[in-house]
Amino acid sequence: PHTWNTFQPFINWLNDPLLEVWERLNYTIGNTNCKPEQSWLNLHKNTGQTLEHAHGYVELVVTCYLKLPKNGGYIEYRDPLDQLKVNTPTYENASFYEVPAITGDVLIFPGWLKHRTQPNLSNEDRIVMTINCM
-10 PHTWNTFQPF INWLNDPLLE VWERLNYTIG NTNCKPEQSW LNLHKNTGQT LEHAHGYVEL
50 VVTCYLKLPK NGGYIEYRDP LDQLKVNTPT YENASFYEVP AITGDVLIFP GWLKHRTQPN
110 LSNEDRIVMT INCM
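Sequence positions in the sequence shown follow my numbering and run -10 to 123.
Just so you know, these hints were derived from the structure itself, not from any lab.
Keep in mind that the hints are not guaranteed to be accurate.
Heads up, simulated DSS-like pairs for lysine-lysine below, C-alpha to C-alpha not over 30 Å straight-line [said to hold, decoys possible]:
#: 1; residue 1: Lys103; residue 2: Lys59
#: 2; residue 1: Lys24; residue 2: Lys103
#: 3; residue 1: Lys34; residue 2: Lys56
#: 4; residue 1: Lys103; residue 2: Lys56
#: 5; residue 1: Lys59; residue 2: Lys34
#: 6; residue 1: Lys74; residue 2: Lys103
#: 7; residue 1: Lys56; residue 2: Lys24
#: 8; residue 1: Lys34; residue 2: Lys103
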């Protein structure tokens, strides 16, 4: 979808936020360029969800909420230090942190960060465009 004419104004807008995150993560060492390479649309109907995963060798992932109904479910990120906390006295279960969002929100995060989505508890569809940037 990132190559579709419909999304070109958004992709043009995305250049500056991508560069800002790229620089904040110090990814500019050796490479100052980050461009959308792959994209897809996820449609989750009632109870639909995405299980935990990461995006491998992708530097940045962009999640664009095209339609997020009330009770549509949020994305959750796993605490990157989770493996180190397993043997601590206060550890209970894997730590996931939800990120509340609304239609139109855009999230940018490193491809190595494990994440999942909550089930869509709405009778409306949740539609998200995901873009891998390298």
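*Hints violated by the structure (numbers, ascending)*: none
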